[in-house]
Amino acid sequence: MISLLESQNADGGWPYQQGGPSWTEPTAYALLALMTQEPASPPVGRGLAWLRALQRPDGGWPPQRAIRQSAWMTAVAALLGPVALGAARYRAAIAWIVRQSGADTNLPSRLRQLLLGAAEDDPGWPWFPDTSAWVTPTALSMLALRQAETRTDSQKIKSRLEAGTSYLLRHACREGGWNHGAARTFDIDAPAYPETTGVALLALSGRQSPEIAAACRWAREALPVCQSSEAESWLRLGLSAHGQLAEGVPAPPRPPRNVQNAALAMLASAALAGRSALLPEQKHA
Amino acid sequence: MPEELATTQRAIRRRDFLAAAAGASLAACARSHARRETKVSILRQTGYTQTLYGELRRALAEHRLQVRGKRVLLKPNLVEFDPLTPINTHPLVVAAALDAFREMGAQVAIAEGPGHRRNTLDMAEAAGYFATIPQFEKLFTDLNLAEVAEVRLERPHSRLKSVYLARPALACDLLVSMPKMKTHHWAGATLSMKNLFGTVSGGVYGWPKNILHWAGISECVADLYHTLPRHFAIVDGIVGMEGNGPIQGTPRAANVVVAGRDLAAVDAVCCQIMSIDPRKIDYLRLAIGDVPALVESVRQIGEALAAVRAKFRLLPAWQGIRLA
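Same order as they appear, the protein sequences are chains Y and U.
For the first sequence, this note's numbering gives the first residue as 1, with consecutive numbering after it.
For the second sequence, this note's numbering gives the first residue as 1, with consecutive numbering after it.
Any given hint could turn out to be false.
[Unchecked claim] Not everything, but these chain U residues come out facing chain Y in the computed CB check (under 10 Å): (1) Gly-115; (2) Glu-125; (3) Thr-141; (4) Asp-142; (5) Ala-149; (6) Glu-150; (7) Glu-154; (8) Gly-203; (9) Trp-207; (10) Lys-209; (11) Gln-248; (12) Pro-316; (13) Ala-317.
Honestly, the hints are just simulated from the structure, not real lab data.
Predicted model only: the values in this text are computed from it and were never measured.
All C-beta atoms, glycine included, are put in the ideal place defined by N, C-alpha and C.
Could you put the whole structure together from the sequences, leaning on the hints where they help?
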C-alpha cells in the first residue's frame with residue numbers, strides 16, 4: 001500500500017510515482033484525501049503551500065512547475081475550496097474553469113467554429129486548452145463548479161453546468177456508461193470504461209435520466225470484474241453518489257500502483273463513510 | 001523507475017536536447033537527399049511460442065547494433081486491458097527483445113504511455129506482461145507520468161512548435177519502437193512511427209493526447225520521427241489487427257515479426273505486407289518525401305515479402321490505400 005505521507009516530496013508536492021517530481025494533479029488528490037482525515041496537519045500545510053505557489057496568473061494550474069500552460073488539473077485543485085486555497089485564488093481558478101471549453105476536430109465542427117466562432121451548443125471541457133472536450137475533464141470541471149455553485153449565485157456557472165450535463169449525456173455509450181468520449185467511430189459503437197463511467201456518474205449525482213440509469217447498471221456489472229484500483233475507486237464514488245453501491249461489493253480493493261490511485265482509494269473510502277471531498281452536499285468542514 | 005534511467009534523467013541538460021534536435025534536423029536533411037541501403041528483417045513466426053527468443057536474437061544480430069553498455073528502451077504498444085484481442089504488443093515479443101538486447105550487453109528498460117487508459121501498470125498486468133516478463137514492474141516506466149522535457153520541433157510538419165516528451169524516451173541511447181501491426185481509422189496504418197505517440201506526455205496533454213489530433217496526426221508522426229532519431233523497430237505482426245483498428249478491429253494473422261534500424265523503412269515494408277501502398281500513407285510521405293526511393297533502399301533479410309503478404313481488411317474510407 002502506497003503511503004501518501006511517505007510519498008510527499010521535500011518541496012511539499014506529491015509525485016505520480018514515488019520518488020518522481022511533484023505534479024499538480026496527484027498533489028491535489030493527495031491533499032483532498034488527507035484533508036478528509038486531518039485537514040490541519042503539517043503535510044497538508046506544506047502541500048497547500050506548494051500548490052498555491054504554482055497557480056498561474058490566469059487562475060489555472062499547470063501540470064507541473066516547468067510547464068507554462070494551465071490545464072485540466074485546475075479543476076482538481078479547485079475542489080480543495082476557498083478555505084484551503086484562499087478566496088482570491090479560488091475565485092480565479094473557478095473563473096479559469098468557466099472560460100474553458102472544448103471543440104470537435106471534425107470538419108463540420110471546425111467550419112462552424114471558423115464561421116460562427118462557436119464549436120458546440122453544449123461544450124464540455126478539454127484536457128488541454130484549445131482541443132476537444134472529453135469525458136474526464138468535463139466531469140472534473142463540473143464537480144468543481146458544483147461546489148462553487150453552492151458558494152455563489154452565478155448564472156455563468158449554472159449555464160456551464162447545464163452544458164456539461166448535456167455534453168455527458170450526449171457522449172454516453174450505447175451499452176451504458178462512458179469511455180474517454182468517443183462513443184461511436186465510423187458508425188461502430190465503442191465500449192465504456194469503468195474509470196470514466198465512475199467519474200461521470202459522480203459529476204451527474206442528483207440527476208436522473210435514461211443514460212444515467214443505464215450507466216449505473218453498467219457500472220454495477222463492471223465493479224466486481226474491475227482490473228484497476230483507479231477504476232474501482234471511481235466506480236465506488238460514482239455508484240455511491242447515486243445510492244447504487246450494493247453492500248459488500250466488491251471484495252478487497254486492488255492495490256493502488258501510484259500516488260494518485262492511493263489518494264483516490266482513500267477518497268472513495270471516505271465517501272462511503274459519509275465524508276465526500278468531491279460532492280458539495282457532503283463536503284467536509 | 002529503473003535506476004539507470006533515473007540517473008540519466010538527472011544528468012540530462014538543455015544543451016543535450018538542442019544537440020539531439022540539431023542531430024535530428026541533420027538526419028532529416030540527409031534522408032531527403034540520398035538514401036543509403038537500409039536493412040529490414042522479416043521473420044516468419046507462427047504463433048507466440050518460445051522459438052521467438054532464438055529467432056529474434058538471430059535477426060537482431062544481423063543488424064550489428066552496438067549496444068553494449070548502452071541504455072535501450074523498449075516501447076511496446078499498450079492500448080487496452082483485454083488480453084484476448086490483438087490490440088496490444090504481445091508480451092512474449094517484448095520478453096524476447098529484452099532477452100536479445102540483454103545478451104548484446106545493453107541495459108534494457110521498458111516504457112509506454114498509452115493514449116486512452118490511464119492505469120498503465122494495471123493494463124500491463126491484464127495484458128500478460130507481469131506473467132511473462134520477470135520483474136516487469138521494476139523494469140517499467142509509465143511515460144505518461146514520467147518527468148518531461150519541452151522539445152522544440154525543428155521545421156515541424158505539424159502546427160506544434162514544441163512538444164513535451166517523456167524524458168526516458170529522450171535520454172535513452174536507443175528507443176526500440178515495438179508496435180502491433182494494425183490498421184488505423186485515422187492514419188491508415190499504425191506501426192513503429194505512429195507508436196512514438198506514446199512518448200508524448202499524457203500527464204501534460206491528457207488521455208487522449210488530443211493536441212496531436214488538432215495539430216495533425218500524420219504531421220505529428222513525422223515530427224516525432226525526426227525528433228527521436230536514435231531508434232530501432234520491432235513490429236509484432238504475428239497476429240495483427242485489420243478493419244476498424246487500432247482498437248475495434250479484428251484479429252489478422254500475418255505470422256511475421258519485422259525489424260530494422262529505420263522506422264520509416266520498417267513501416268513501409270509492413271504496409272506492403274498488409275497490402276497497403278506505403279506511398280499513400282501520409283506520415284511516410286511527410287517524414288521521408290520520396291517514399292518510392294525509401295522502398296528502393298530497403299535490403300530485405302529473411303522471408304521474401306511476397307511470401308508473407310496478407311490482405312488486411314480496410315474500412316471503406318481507406319480502400320484507396322490498397323496496394324495495387
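Do the hints match the structure? See the list:
Given hint, Gly-115 of chain U at the interface with chain Y, holds; its Cβ is 9 Å from that chain's nearest Cβ, closer than 10 Å. Proximity of Glu-125 of chain U to chain Y holds as hinted, the smallest CB-CB distance being about 8 Å (cut-off 10 Å). A least Cβ separation of about 8 Å between Thr-141 of chain U and chain Y falls short of the 10 Å threshold, and the interface hint therefore holds. Hint status for Asp-142 of chain U relative to chain Y: holds, with the closest Cβ pair at about 7 Å, below 10 Å.
The beta carbon of Ala-149 of chain U comes within 8 Å of a beta carbon in chain Y, closer than 10 Å, and the hint placing it at the interface holds. Taken as an interface hint, Glu-150 of chain U checks out: its beta carbon lies about 7 Å from the nearest beta carbon of chain Y, inside 10 Å. Of the supplied interface hints, the one on Glu-154 of chain U is violated, with its beta-carbon coming no nearer than about 20 Å to a beta-carbon of chain Y, more than 10 Å. Using the Cβ-Cβ criterion of 10 Å, the hint placing Gly-203 of chain U at the interface with chain Y is satisfied: the shortest such distance is roughly 6 Å.
Given the 10 Å rule on beta carbons, the hint for Trp-207 of chain U holds: about 6 Å separates it from the nearest Cβ of chain Y. Interface hint at Lys-209 of chain U: satisfied, since its Cβ lies 8 Å from the closest Cβ of chain Y, which is below the 10 Å cut-off. A cut of 10 Å between beta carbons decides the hint on Gln-248 of chain U: the least distance to chain Y is about 6 Å, and the hint holds. Taking 10 Å as the C-beta cut-off, the interface hint given for Pro-316 of chain U holds, the closest approach to chain Y being about 8 Å.
Satisfaction of the interface hint for Ala-317 of chain U is found here, the shortest Cβ-Cβ separation to chain Y being roughly 7 Å, below the 10 Å cut-off.
Comparing the model with each earlier hint shows a violation of hint 7 alone; every other hint is respected.
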